[in-house]
Amino acid sequence: MKIEAVELRVLKMRLLKPFRTSFGVQQDRYPLLVRLDIDGRSQWGECVAGEGPWYSYETVETAWQVLKGYLLPAVIGRDLANVDALETLFAPVRGHHMAKACIEMAFTAALAEHARKPLAKFLGGVRDRVETGVSIGASLAQGYRRIKVKIEPGWDVMALGAVRERYPEITLMADANAAYGLDDAAHLAQLDRFGLLMLEQPLAAGDLVDHASLQRQIRTPICLDESIESARDARQALQLGACQVINIKPGRVGGFAESRRIHDIAANAGVPVWCGGMLETGIGRACNVALATLPNFRLPGDISASDRYWAEDIVEPPFTLQRGGTVAVPTRWGLGVRVKVDLVERLTVRRELIGS
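Numbers 1 to 356, taken from the working numbering, label the letters of the sequence shown in order.
Calculated from the structure, these hints are not laboratory results.
Do not take every clue at face value.
What the hints assert, rightly or not - Pairs of lysine to any residue, SDA-like flavour, derived with a Cα cap of 20 angstroms:
hint	residue 1	residue 2
1	Lys12	Thr348
2	Lys12	Leu353
3	Lys340	Gly355
4	Lys68	Val10
5	Lys340	Pro318
6	Lys12	Glu312
7	Lys2	Gly355
8	Lys117	Asp39
9	Lys12	Val329
10	Lys117	Val329
11	Lys12	Leu347
12	Lys121	Thr326
13	Lys340	Asp307
14	Lys17	Ile354
15	Lys68	Arg298
16	Lys68	Arg78
17	Lys2	Tyr70
18	Lys117	Val339
19	Lys68	Arg94
20	Lys121	Ala328
21	Lys121	Arg298
22	Lys12	Tyr30
23	Lys121	Ala267
24	Lys121	Arg260
25	Lys68	Pro272
26	Lys117	Val349
27	Lys2	Asp39
28	Lys68	Ile354
29	Lys12	Tyr70
30	Lys2	Glu113
31	Lys12	Glu352
As the list claims (entries may be wrong) - Just the calculated beta-carbon pair ranges, DEER-fashion:
hint	residue 1	residue 2	range
32	Thr88	Arg193	43 to 51 angstroms
33	Ala74	Leu240	28 to 36 angstroms
34	Glu345	Arg166	42 to 50 angstroms
35	Arg350	Glu312	26 to 34 angstroms
36	Val349	Tyr57	47 to 55 angstroms
37	Gln190	Arg232	31 to 39 angstroms
38	Asp307	Arg346	16 to 24 angstroms
39	Pro92	Arg216	17 to 25 angstroms
40	Gln190	Thr88	47 to 55 angstroms
As the structure is a prediction and not an experimental result, all values here were calculated from the model.
Glycine included, each C-beta is placed from N, C-alpha and C at the ideal position.
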């Protein structure tokens, strides 16, 4: 298959409600989309980079520049037999997993369409529905299989205590987005009494050693998110005992291929994984849903319904929450959803065509 040209687009989309993390509060999202022209057909992908360098050093702007200046010139016009060929061409560019992932995932969806398979089946998925949770600030959304509360110093023990008191039976977890230090171990140990499913990314992204130390001091299972950017990171984290759960976001680790490597490492170690979210549009959400059908995704993921975040999603059909807190896996070949190009056009604030 040959990538003949790539169109880059940035959209402006308003979230239905402000989204708060330890990094701050976000009201508008600027998704970076790619449209690949492959063998006369179009295939869409989404880069999950944020507007600023808070969750990751990658941003919408850095991803645009790396795609335009380095990644796309390496692949446009070349015959690519498979994803391995794509990864080989991307290898000289150090890091920038989010920029790489949007091309890798769109190309994988194109391969699935060419093979006349839904993306989930092409990846080796085993489910027709995936369990989903929701990430919240101070309010609860009903119907999801798991609730995740974003915490930070000053908004943790009392907040989780209030949620647990009101909903004593609900599956509950906390996400710190690296807001704490190892000196906070005694404070974080107070969370043990709430019976949390996990505590996600309490310490700095690169610090596997301190996470291992913290895990020895608390009963709540630690889940690593920002710390895991590759299969090597996953292997080392498990060797150190730095976590008992891994969050896999395909956009964070470079795409589906690396996600599957991490999935397999965790599965061999008996450690469950789940699929995180990055405020994606329906394009990125379709990728997450497909990935979450792999067998070791044993915990509900952050794969909320489209109407949780958007008044109107840019794909159809939109993703909806089904009875039992699940989302149905698309069965159409390839990505599984149709991009609403007219809506994308209206929302576009920046665009450029790279290649012929």
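Hints versus structure:
1. Distance restraint check for Lys12 and Thr348: the Cα-Cα separation of roughly 7 angstroms lies within the 20 angstroms cut-off, and the hinted pair is therefore satisfied.
2. Between Lys12 and Leu353 the CA atoms are separated by roughly 19 angstroms; this keeps the pair inside 20 angstroms, and the hint holds.
3. Simply put, Lys340 and Gly355 have alpha-carbon atoms about 23 angstroms apart, too far for the 20 angstroms limit, and the pair is violated.
4. Of the supplied pair hints, the one linking Lys68 and Val10 holds, its CA atoms being roughly 13 angstroms apart against a limit of 20 angstroms.
5. Taken as a hint, the Lys340 and Pro318 pair is honoured in the structure, with Cα atoms around 11 angstroms apart against an allowance of 20 angstroms.
6. Annotation: proposed proximity of Lys12 to Glu312 holds, straight-line Cα distance about 13 angstroms (limit 20 angstroms).
7. Under the criterion of a C-alpha separation no larger than 20 angstroms, the hint pairing Lys2 with Gly355 is consistent with the structure, at around 12 angstroms.
8. Of the supplied pair hints, the one linking Lys117 and Asp39 holds, its CA atoms being roughly 17 angstroms apart against a limit of 20 angstroms.
9. In summary, the hint linking Lys12 to Val329 is not supported, as the alpha carbons are separated by about 27 angstroms, beyond the 20 angstroms threshold.
10. Note on Lys117 and Val329: the hinted pairing holds, with a Cα-Cα distance of about 13 angstroms set against a maximum of 20 angstroms.
11. Of the supplied pair hints, the one linking Lys12 and Leu347 holds, its CA atoms being roughly 6 angstroms apart against a limit of 20 angstroms.
12. Distance check on the hinted pair: Lys121 and Thr326 sit about 18 angstroms apart at the alpha-carbon level, within 20 angstroms; holds.
13. For the hint pairing Lys340 with Asp307, the CA-to-CA distance comes to about 16 angstroms; that is within 20 angstroms, so the pair holds.
14. For the suggested pair Lys17 and Ile354, the alpha carbons sit about 35 angstroms apart, so the restraint of at most 20 angstroms is broken.
15. With a C-alpha separation of about 37 angstroms, the suggested pairing of Lys68 with Arg298 is violated against the 20 angstroms cut-off.
16. Annotation: proposed proximity of Lys68 to Arg78 holds, straight-line Cα distance about 16 angstroms (limit 20 angstroms).
17. Straight-line distance between C-alpha atoms of Lys2 and Tyr70 comes to about 17 angstroms, which keeps the hinted pair within the 20 angstroms bound.
18. At most 20 angstroms may separate the alpha-carbon atoms for a hinted pair to count; Lys117 and Val339 meet this at roughly 18 angstroms.
19. Taking the CA atoms of Lys68 and Arg94, the gap is near 15 angstroms; set against the 20 angstroms cutoff, the hint holds.
20. Among the hinted pairs, Lys121 with Ala328 is consistent with the structure: their alpha-carbon atoms are about 14 angstroms apart, no more than 20 angstroms.
21. At most 20 angstroms may separate the alpha-carbon atoms for a hinted pair to count; Lys121 and Arg298 meet this at roughly 17 angstroms.
22. The straight-line distance between the Cα atoms of Lys12 and Tyr30 is roughly 5 angstroms, inside the 20 angstroms bound, and the hint therefore holds.
23. About 19 angstroms separates the Cα atoms of Lys121 and Ala267, which keeps this hinted pair within 20 angstroms; it holds.
24. Between Lys121 and Arg260 the alpha-carbon distance is near 13 angstroms, which keeps this suggested pair within the 20 angstroms criterion.
25. A distance of roughly 36 angstroms separates the Cα atoms of Lys68 and Pro272; the hinted pair therefore is violated under the 20 angstroms criterion.
26. Taken as a hint, the Lys117 and Val349 pair is broken in the structure, with Cα atoms around 33 angstroms apart against an allowance of 20 angstroms.
27. With a CA separation close to 6 angstroms, the supplied pair Lys2 and Asp39 stays within the 20 angstroms bound.
28. The straight-line distance between the Cα atoms of Lys68 and Ile354 is roughly 7 angstroms, inside the 20 angstroms bound, and the hint therefore holds.
29. Under the criterion of a C-alpha separation no larger than 20 angstroms, the hint pairing Lys12 with Tyr70 is inconsistent with the structure, at around 25 angstroms.
30. With a CA separation close to 14 angstroms, the supplied pair Lys2 and Glu113 stays within the 20 angstroms bound.
31. For the suggested pair Lys12 and Glu352, the alpha carbons sit about 16 angstroms apart, so the restraint of at most 20 angstroms is met.
32. The hinted window of 43 to 51 angstroms between Thr88 and Arg193 holds, with their beta carbons roughly 50 angstroms apart.
33. A C-beta distance of roughly 34 angstroms is found between Ala74 and Leu240, which places it inside the suggested range of 28 to 36 angstroms.
34. Between Glu345 and Arg166, the C-beta spacing of about 44 angstroms keeps the proposed range 42 to 50 angstroms intact.
35. The supplied range of 26 to 34 angstroms is broken by Arg350 and Glu312, whose beta-carbon atoms lie about 20 angstroms from each other.
36. A beta carbon spacing of about 23 angstroms between Val349 and Tyr57 contradicts the range 47 to 55 angstroms that was offered as a hint.
37. A hinted range of 31 to 39 angstroms holds for the C-beta pair Gln190 and Arg232, which are about 33 angstroms apart.
38. Roughly 19 angstroms separates the CB atoms of Asp307 and Arg346, a value that falls within the hinted 16 to 24 angstroms.
39. For Pro92 and Arg216, the Cβ-Cβ distance of about 39 angstroms falls outside the hinted range of 17 to 25 angstroms, so the restraint is violated.
40. For the pair Gln190 and Thr88, the beta carbons lie near 48 angstroms from each other, so the given range of 47 to 55 angstroms is met.
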